[in-house]
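For the record, the sequence lines run as chains A and B.
Per our numbering, the first sequence starts with residue 5, numbered consecutively.
Per our numbering, the second sequence starts with residue 4, numbered consecutively.
Don't read these hints as lab results, they were simulated from the structure.
Each residue gets a CB set at the ideal place from its N, CA and C atoms; glycine is no exception.
Mixed in with the good hints, there may be bad ones.
Stated by the list, open to error - What follows is a set of in silico ranges between Cβ atoms, one per label pair, in the way DEER data are often shown:
1. Glu45/A <-> Lys25/B: 14 to 24 Å
2. Gln57/B <-> Ala20/A: 38 to 48 Å
3. Asp56/A <-> Arg31/B: 25 to 35 Å
4. Gly57/A <-> Ile15/B: 24 to 34 Å
5. Arg63/A <-> Lys18/B: 38 to 48 Å
6. Thr30/A <-> Thr23/B: 18 to 28 Å
7. Thr30/A <-> His98/B: 41 to 51 Å
8. His42/A <-> Arg31/B: 36 to 46 Å
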Amino acid sequence: GQNIDQPTEMTATEGAIVQINCTYQTSGFNGLFWYQQHAGEAPTFLSYNVLDGLEEKGRFSSFLSRSKGYSYLLLKELQMKDSASYLCAVRFHRGSTLGRLYFGRGTQLTVWP
Amino acid sequence: AAGVIQSPRHLIKEKRETATLKCYPIPRHDTVYWYQQGPGQDPQFLISFYEKMQSDKGSIPDRFSAQQFSDYHSELNMSSLELGDSALYFCASSHLAGEGSEQYFGPGTRLTVT
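This is chain B alone, in the form it adopts within the complex (with noise of 0.2 Å):
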């Protein structure tokens, strides 16, 4: 069966500069979520987007920023990046963001900000 495709799978990055992640959500889902999973912590839900719309944020620095496009797909675009953004970046998929709704998550994006 077809999972959420995270891309890339690395990422080496400077302080100030900028990264984009991108998430191809599994087939026929519509909701997509970010979350951020630092060194041993639990993930923290960073922001969710629901048919192409924003649907939920939660803790994310105002230097992200987040879509999702007509084909479902979503990218986080993260600038003057810094050393403390170093982390495991994993989007997940649903079907509806309601209840009975699993969320299936992606390999994840490890940054490093160097």
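Isolated chain A, as found in the complex (with noise of 0.2 Å):
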């Protein structure tokens, strides 16, 4: 594939601070996505980075370095709403590959109570 890892298991408590980590491999980057998936429902979107920074939309962020092929999805004051798979997903830009999305393996987030 393309390379994107991303761990393939988290946990953590409620009220608490999880970062989920994504690398993949730079050449051709394009956008880099974070959806979350709960069993057997679609992905949703939460959030996008195309440029080096940091993505602020309430309790999630997203950070992204492309030198280094990296990016991070911080979630804050956990919800057992939240227990859910996250997908780190890339566009790149080559040849005819317009627009579709590379995804990980997905995140499994467990938050306890």
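Assembly of the complex is requested from the two constituent chains, each provided in isolation within its own frame, with the hints serving as guidance.
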């Protein structure tokens, strides 16, 4: 694939902060997306980064470093409903691969009370 | 806000049968993407359409075909179904296929081949 790597599983407690990392190969990079997916449901768009830096959206923030091929999703004030799989997806600019997303395997986050 | 609509939500077929999945994108979205997600797997890109023309093709079997119609809805046609085709099929839509265009996913069609 496109060497999109993220941890398989993470656990945290309610109210805590968790950071989910994602690395990818940098060649042809053209944007990185984070999605939340509950089992058997559609991925829900969380954030988009194409320039270096931090994008903040309420309790969720996403960071990108293009030179390092690295992103993270930061979830604050964790709630039980945040238990889900978090997918890192990258868009590359190569030939005819216009717009398609390459997904990582997802990080299954479990939030404990 | 209107979301991506997919039908049917669940479909059970036997081996060698055919299936047609439908996708209605968010209004004013001109690009549709199809993804297949097997159990415990990440979504895999199948095919996409921009302004009713195929814009990109991924790991879509020759047994599958798709098109986008004048009203921008899309259909994925699957023939000679195999057990391995059992998966969640997601449609996503965006406005323009290029930069800055987030893809919004529909609820998916769960296809079970027996």
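Outcome of the hint check:
1. Glu45/A <-> Lys25/B: 14 to 24 Å: 19 Å, holds
2. Gln57/B <-> Ala20/A: 38 to 48 Å: 46 Å, holds
3. Asp56/A <-> Arg31/B: 25 to 35 Å: 31 Å, holds
4. Gly57/A <-> Ile15/B: 24 to 34 Å: 47 Å, violated
5. Arg63/A <-> Lys18/B: 38 to 48 Å: 46 Å, holds
6. Thr30/A <-> Thr23/B: 18 to 28 Å: With Cβ atoms ~40 Å apart, the hint is violated.
7. Thr30/A <-> His98/B: 41 to 51 Å: 27 Å, violated
8. His42/A <-> Arg31/B: 36 to 46 Å: 27 Å, violated
This entry does not satisfy hints 4, 6, 7, 8, going by the numbered hints stated previously.
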